[in-house]
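Visitor: Spelled out from the first residue to the last, the chains are:
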Amino acid sequence: MTARALSAPLLSIEHLTMRFGGLTAVNDVSFNVGRGDITALIGPNGAGKTTLFNCITGFYKPAQGRLALAREGVAHAQDVEALTRSGRRHSDGLYLLERMPDFEIARDAHVARTFQNIRLFSGMTVLENLIVAQHNNLMRASGLSLLGLIGWPRFRDAENAAIEKACFWLDKIGITNRADDPAGALPYGAQRRLEIARAMCTDPVLLCLDEPAAGLNPRESAELNDLLLSIRTEQGTSILLIEHDMSVVMKISDHVVVLDYGKLIADGTPEEIRNDPRVIAAYLGVEDTEEAAQVLA
Amino acid sequence: MSPALPITRALREAGLAGLVAAGLAFPILVLGTEMNQSNRLVLEQRWSWMAIAAGLVFVGRFLVLMFARTPKRAAPQIGGLVLSPVLSRIGVIALFLFPLVMLFWLGPQGSLKWINNYGVQILIYVMLGWGLNIVVGLAGLLDLGYVAFYAVGAYTYALLSTHFGLSFWICLPLAGLMAASWGAMLGFPVLRLRGDYLAIVTLAFGEIVSAVLTNWTDFSNGKAGIMSIPRITFFGLPFTASENGFAATFGLEFQAIHRTMFLFYLILALALITHVVTLRLRALPVGRAWEALREDEIACRSLGINTVNTKLTAFALGAMFAGFAGSFFAVRQGFVNPDSFTFMESATILAIVVLGGMGSQMGVALAAVVMVGGTELLRELTFLKEVFGSSFDPSLYRMLLFGLAMVVMMIWRPRGLISSREPSVFLAQKKNVSGTHVQEGHG
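Protein sequences appear in the order of chains A and B.
All residue numbers for the first sequence refer to the numbering used here, where the first residue is 4 and numbers rise by one.
All residue numbers for the second sequence refer to the numbering used here, where the first residue is 8 and numbers rise by one.
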């Protein structure tokens, strides 16, 4: 494990197991996501990466395991233990994600995600997509929409702030000129970036990206790298990403975790992973380490 | 355009079309029942009718194939009608003037039918359509039992006024509240269901409400219904010829049209309130969440939107407007029974929403005018009696025409009359979203 993942974990995943009937998709996986790190989750197809994501974001309820997220500072082991025993979902910025339903994980623990197959609101405009993402803030400012109904001034301000934030992200992903077009009409690469921007509009502490570079050409892929790096440095959001594109993984990630057949087989810096014989074997299923090393290089 | 087909192929296709027509005509045209002198039903066979129908279709199809230049198959029109805000403003002004114009033109007797059967009747359905539009058009939840909330509203007023003597103006908000809580009650168990399953459960809910109203005679007086429900008053002044009535108070000659005019303006106001509230909600977080829910529920949850609450508010709010409309219905009729709240009503309201273009306020209003006004217009076509004989009743062909209209719509405008979506917020320029991008919802 990398230094930050050990000393300042944002999310610690302990003994996570997810079963579908007789199939164990994720089997006793433990690792930490470091605060301020870009953590990559890699592995062959069917290794259980997306299942792990769905467990973290609450779309699946894990069979076993603990997912402890500390929004700020360092979570002390005794605090996590106390919260676990108390049976509550969260206290003082410490969240046990396995106990929370999906929308609470996004709303309260501030974990945002994107999807392998893009899930934009295609019939709504680009701007509307980014404003829907700020639903909970606006809901509060509009008095559950009731005060908004009579034109409450505080809601006007909140909405203007929401539009401003949306514009910031539109500018960042370079589609300000398409703000009033339907999201479904954007080219593929822009849709991928918009999905990331939409997730960022929820002010996440952890951004989970499921194959963000899939289907992107090399130039778009490079732009994506820059976007992710700036999200990490400027917004201070930690990133957990699933990716097959090794040019993305090796270039930007601080920490790589490898899954195979639902089990964690390696956990370390990109350098360590590149030279790990188990990873090479998992990717190619052969002992030909030279060829595998070329792929991972 | 394609070249005319060789004559043999045209003949073959026309023959097929003729056969289909003959098959369709057999149950509809050939077999008929007539009452004979001894008052018994006898089966009459009219084979010539079938021959004529099949022949017409054959010749028509043949001519079309031979001579009509079929253009390249046009893509179904999806962008479609876009009504400018100016037009809708003109529409509202026209609605305000409609009863006055009718009154001056046809006099108090002649205009009664137009204001009541056309104006009030259509506006009730416009309001119901707008209410259901929140649930089906915006939130994308297919509700086949909407009439249940209409019934709740109607019976709330009927029972409260006859048992406790509460006035309409107190019962109106109560009916809305009652229907909204029933909407939330229905909402809770069905939240986990999507698509077809949701449709079936809401359908069942509608049937349950009507079954309860029919069979729980102690409560609702069953099939006989509730009679002599207090009529509408002008904020306390009754529309009667008495001394403290509306006409006497304002120094007018008593006329039945006063009440009808007041009912017209009341339902117009209620419908416009529905419209304005819906429009405003669309630009508020809850309204945007409804539309996002229709577009993609999973993405909604990943953004921290509580989809349970969002669905409940849609159900409850849609139900509330049906409750208002229901209590208006009761005060207008002065009589309610379960026959007014059958599945047929739910289907009509849903058809209005779908025909209008899901989510479009203007489209729903237009569709209500066409569907309800069209039905009423059929009654006016008395000249057809001279063509088809005195026993011909054009209003019996209502369902046939509905079906035809639906089929034509499916081919011509698969996404409804007005299928483009207006964005709730814009940065530089307001561009309507074409129907091709908008999802229809899946539960």
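Take the hints with a grain of salt, since some may be wrong.
Claimed, not checked - DMTMM-like mimics (lysine to aspartate or glutamate), calculated; alpha carbons at most 20 Å apart, straight line:
| id | chain 1 | residue 1 | chain 2 | residue 2 |
| --- | --- | --- | --- | --- |
| 1 | A | K254 | A | D206 |
| 2 | A | K175 | A | D206 |
| 3 | B | K437 | A | E167 |
| 4 | B | K437 | A | E214 |
| 5 | A | K64 | B | E304 |
| 6 | B | K438 | A | D184 |
| 7 | B | K438 | A | D206 |
Claimed, not checked - Here are the computed distance ranges between Cβ atoms for each label pair:
| id | chain 1 | residue 1 | chain 2 | residue 2 | range |
| --- | --- | --- | --- | --- | --- |
| 8 | A | G177 | B | T349 | 51 to 59 Å |
| 9 | B | F171 | A | N120 | 55 to 63 Å |
| 10 | A | H247 | B | I97 | 24 to 32 Å |
Since the hints were made in silico from the structure, they are not lab data.
The model shown is predicted, which means the values in this text are computed figures rather than measured ones.
Idealized CB from N, CA, C, for every residue including glycine.
Visitor: If a hint holds in the structure, say so; if it does not, say that too.
Guide: Hints versus structure:
Restraint check for A:K254 and A:D206: not satisfied, since their Cα atoms lie roughly 25 Å apart, outside the 20 Å limit. Our distance criterion of 20 Å between C-alpha atoms is met by A:K175 and A:D206, whose separation comes to about 15 Å. With a C-alpha separation of about 17 Å, the suggested pairing of B:K437 with A:E167 holds against the 20 Å cut-off. A threshold of 20 Å between alpha carbons decides the hint, and for B:K437 with A:E214 the separation of about 33 Å lies outside it, so the pair is violated.
For a cut-off of 20 Å, the pair hint linking A:K64 to B:E304 stands: about 18 Å separates their Cα positions. At most 20 Å may separate the alpha-carbon atoms for a hinted pair to count; B:K438 and A:D184 meet this at roughly 7 Å. A C-alpha spacing of about 28 Å is found between B:K438 and A:D206, which places the hinted pair above 20 Å, so the restraint is violated. As the Cβ distance of A:G177 to B:T349 is approximately 56 Å, the hint placing it in 51 to 59 Å holds.
Between B:F171 and A:N120 the CB atoms are about 57 Å apart, so this pair conforms to the stated range of 55 to 63 Å. About 58 Å separates the C-beta atoms of A:H247 and B:I97, a value inconsistent with the hinted range of 24 to 32 Å.
Violated hints for the displayed structure, listed by number in ascending order: 1, 4, 7 and 10.
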